[in-house]
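Q: Read top to bottom, the protein sequences are chains A and B.
In this text, residue positions in the first sequence follow the working numbering: the first is 155, and each later residue adds one.
In this text, residue positions in the second sequence follow the working numbering: the first is 75, and each later residue adds one.
It is worth saying that the hints were derived from the structure and are not from the lab.
It is possible that some hints are incorrect.
Sample of chain A residues facing chain B (criterion: CB under 7 Å; computed from the structure) [said to hold, decoys possible]:
id, residue
1, Arg263
2, Ser393
3, Arg395
Stretch by stretch, here's where chain B covers chain A in the computed footprint (C-beta under 8 Å, at least three residues) [stated by the list, open to error]:
id, segment
4, 236 to 250
5, 253 to 261
6, 267 to 275
7, 278 to 284
We treat Cβ as the ideally placed atom computed from N, Cα and C, and that holds for glycine.
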Amino acid sequence: MASLAAPEDRPGAPSGHRPLNALSLQDASVRLGGRPILTAVNLEVSQGEFIAVLGPNGAGKSTLMRAILGLVPLAAGSVRVLGRPPVQARPLIGYLPQRHGFDRAVRIRGLDLVRLGLDGTRWGVPLAITPSARTRRRAERQRIADMIALVGAESYAHRPVGELSGGEQQRLLIAQALVRRPRILILDEPLDGLDLPNQTSVAALLRRIASSEEVSVLLVAHDVNPLLEYLDRVIYLASGRALTGPVQAVITAPTLSELYGAQIEVLKTGDGRLVVVGAPEAPHHHGTRHPEP
Amino acid sequence: MINPSFSPDLLYDLRQLFSFPFMVNALEAGTIVAVLAAVVGWYMVLRRQAFAGHTLAVMSFPGATGAALAGLPGVLGYYLACVGAALAMRGSRRGTGSRVTETATIGTVQAVGLAAGFLFLSLNQNVLGGPETLLFGTFLGVTQGQVLSLLGVALAAVIGLAVASRPLLLASVDPELAEARGVAVSWLDLGFLLLLGLAVAATSQITGALLVFALLVAPPATAQLITLRPWLGMALSVVFGLVIVWLGLAAAYFSPYPVGFFITTFAFALYVLVAVWRWVRS
Chain A
155 MASLAAPEDR PGAPSGHRPL NALSLQDASV RLGGRPILTA VNLEVSQGEF
205 IAVLGPNGAG KSTLMRAILG LVPLAAGSVR VLGRPPVQAR PLIGYLPQRH
255 GFDRAVRIRG LDLVRLGLDG TRWGVPLAIT PSARTRRRAE RQRIADMIAL
305 VGAESYAHRP VGELSGGEQQ RLLIAQALVR RPRILILDEP LDGLDLPNQT
355 SVAALLRRIA SSEEVSVLLV AHDVNPLLEY LDRVIYLASG RALTGPVQAV
405 ITAPTLSELY GAQIEVLKTG DGRLVVVGAP EAPHHHGTRH PEP
Chain B
75 MINPSFSPDL LYDLRQLFSF PFMVNALEAG TIVAVLAAVV GWYMVLRRQA
125 FAGHTLAVMS FPGATGAALA GLPGVLGYYL ACVGAALAMR GSRRGTGSRV
175 TETATIGTVQ AVGLAAGFLF LSLNQNVLGG PETLLFGTFL GVTQGQVLSL
225 LGVALAAVIG LAVASRPLLL ASVDPELAEA RGVAVSWLDL GFLLLLGLAV
275 AATSQITGAL LVFALLVAPP ATAQLITLRP WLGMALSVVF GLVIVWLGLA
325 AAYFSPYPVG FFITTFAFAL YVLVAVWRWV RS
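Bound conformation, chain B alone (with noise of 0.2 Å):
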């Protein structure tokens, strides 16, 4: 890659963008996860459970860091603390009397994460590339490899949650209803924290852990400000993700700067666009 740069011409644009092998593996897993994070999203925006999803992407950061300490790969680090720490947000039980219990059990769940995090990364500076690819993100070293991990989690998460779509659905609308009516809610909880983890320790593999809430909240935030139907939501919120992806990776290969700040800005704008569109109409 000798100095990308952005011509009128957008057929010959894209021909540069995937003649490079990276580049290509880049657009690869960033479909895969704008795909994964925009269904897992739109379910968590649905349970309001946002700051459990903010948790556990900040759990990327213990998870790298002490998989660099450990000698083991990057990528399972990040999905052991992500899984860990949903299991132990579990400790709390959602519902309409527990909410404070249950906010405080992920805030101290998020504030020993980071706290690990920043004890394994001050123990082997120098075993990790900084921590900025860590944090804000990169598509420079996206593996075949990767790509292939990628495509099998989000495969299992996404089939596992169309199994579960529906029961899924009345449980996070209504869960007295869904218990009254003999779904498991309690496991379909746990189930989909672990979802979640799995979603974004995918994601935070593009974005950087700090900016995972880009593709897992704002497209399926996006999409309820336009449609209240459930499947069209979904389906909106990923071809919304998919857009922010490609424009953000497109972006940051022309241009200096990091692809999580493009992917970022997009997601935003896109809101923004969306929520002005809405309140000019009504």
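Here chain A stands alone, though its shape is the one from the complex (with noise of 0.2 Å):
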């Protein structure tokens, strides 16, 4: 089985020098409609690891996501963000809703919606005229223009993002979200709608992400194929409880048998593709949109 997190994360035990964790949900449960979601997921997620947060429909991805943000509350158990309440930490989360790309008709250039990403929740008009703040409009232009870069977007930030190709969206939302210096990165399936070589250079990116801005990413996904080689682990929802761990401990026979309480079969193609046979549900089917609970 998987093991969780290492018994010295757990808070309680002297933290020292050791660097926070990014993430701890202990024994957290949600119920929604006395329905229970989520039961006793425990999960430690440290700064830089990109994870990939995945599970049938219905199993409570995004009811997950949203406890993290803060935006439903626990019957029982406790999320520390940074080792505050989620609530507290809700400026240090950058996220990414589950989305429809753009219509053709928005006329706003990317770079505008990554600027957005900085101020868009700011009240006033952006007028600088005291030199500090010129000073501060200059760095923001400077960071702006470095998260374009570092997504690769200069050449279609000044097209309007109507136009723009789902993959090339998604870079620039991720830029968006990542402008504010998040500490931890929440994205509700983001390669939903990307055609296979954009999921590759989407996960890459993320990939990169994580490890050189110091980014914990959390990635809701349906398959878990495109992501295989970047990732550092993956939580595995199903009926409400998670297994964490790496991809190779979670996704096998016995492992998912005993969470699905089903017997599950875990098929491996020659190209090295995972594909999961049994589920009551198939985790990979591509298709109509839900509304997870």
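Hints in hand, dock the two standalone chains.
A: Here's what the structure looks like:
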């Protein structure tokens, strides 16, 4: 069975000089409308880790993300983001909700979208009159340009977002989230609707960002295969319970069979892709979007 | 005003324009309205809420006729009807999933509004100076008091829009993302509809209910053909609005035709000009 966190990661144990965990869930349970959605989920994520959140539709992937964001209350247990309660840690989390691309008619540049990541929630008029405001404005411009370069969007950042491809839009959205220097980046099905080469290159980009920016990346996905060579670990959710560990340890016939409580087979294709067979609902099916509870 | 005539001496023409208080009032009101409509319209075009805007414009018809029937000032009727319709339309939420219901709700509000206006009109045909003024606007009757009330409304609306400019931009471009970042998207949606109602009511006093769109859509749409930058686009939109209104008022002064016709024609001409220029360049 895949192990959860190393014992010394547990709060209560003296943390000493060790860096604070980005994320820590202790027996976190969520009930919605009286129905248990998540039951006693334990999770420790360190800084700079790249983790995929997998599982069938309705397993509670989006609910888990919303609990980390402090958008749904816990029925039991605790969630700590950089040692703080989720609501206090909100500015430290970059979150990209599940979405359907931009309408073609959206007449705004990618650059403006990234800038909105920085100042989209600020009130008032963006006038830079005083010298210190000018300096800050210059720093912001530099930050925006840096993030656009980081995701490799320089060549299309000046075009209207509505006219860009899904992969290009996704890169700009990632830049938009990173521009605020979050410590954790949560993406809900960002690979959905992208073609395979784009899925792989966005996964590679997120791997690079996790390491270079020391951002912990949690990515909700249908299919683990485009992510395989980039991930540190996976969280596999089924029937409200969660398993955490390296891909090879979690996505195996015995562990998944126990998690689902049903006979599951994991097949490995010649090129190393994993196929989960026998799950009550196939985790890699692509298709209808689902409002998860 | 006895036989205003256009002469090649532009300075003389200008002096003529400014020599009458009613014309000065009209120019002041037109200037205020042009700025307000251009800024609010820029967001309306970005949010693709033109149908909502059009419905609000039509609401000034029942507003004015209803006010006349109730013995209230017409301007008050304009504002009440537009704000009321904005609230009624708010019953449907903006968003990817609810577009169909939204359109249906707006259409229903529009039909009810027009029916009510028609009823009010037939109940007191004599009180109003005929429906033409209401539908196509006039600049002859603008009083100093009206200019002041326009200025008050416009200032409040523009300041409100300036304060919320960036959250509203985010909520307009990507409501889901805005919501996830803690922006009160549904309040901004409501606030913007109310602002749109105010802007429409103010504009229709000059252009008439049917031609509000000339000032609400054409300047921002033209600006968005030229630039994608939000703040530059808004500024260009204001410049276009001012040019259209000033030219329209001057042309109406020197001719027997209504001001709404000129404003609409100039707005359309400017849009076509820019669209052709863009097409030729690419």
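Q: Does each hint fit the structure? Answer for all of them.
A: Each hint tested on the structure:
1. Interface restraint check for arginine 263/A: the shortest CB-CB distance to chain B comes to about 5 Å, inside 7 Å, so the restraint holds.
2. The criterion of a C-beta within 7 Å of any C-beta in chain B is not met by serine 393/A, whose closest approach is roughly 27 Å, and the hint is violated.
3. Checking arginine 395/A against chain B by beta carbon gives a least distance of about 26 Å; that is not within 7 Å, so the hint is violated.
4. Interface restraint, the segment 236 to 250 of chain A with chain B: holds (3 residues with C-beta to C-beta distance below 8 Å; minimum three).
5. Check on the segment 253 to 261 of chain A: 7 of its residues sit with their Cβ under 8 Å from a Cβ of chain B, so the three-residue criterion for coverage holds.
6. Residues of the segment 267 to 275 of chain A lying with their CB closer than 8 Å to a CB of chain B number 5, which satisfies the three-residue condition for coverage.
7. Coverage of the segment 278 to 284 of chain A by chain B holds in this model, with 3 residues showing a Cβ closer than 8 Å to a Cβ of that chain against a need of three.
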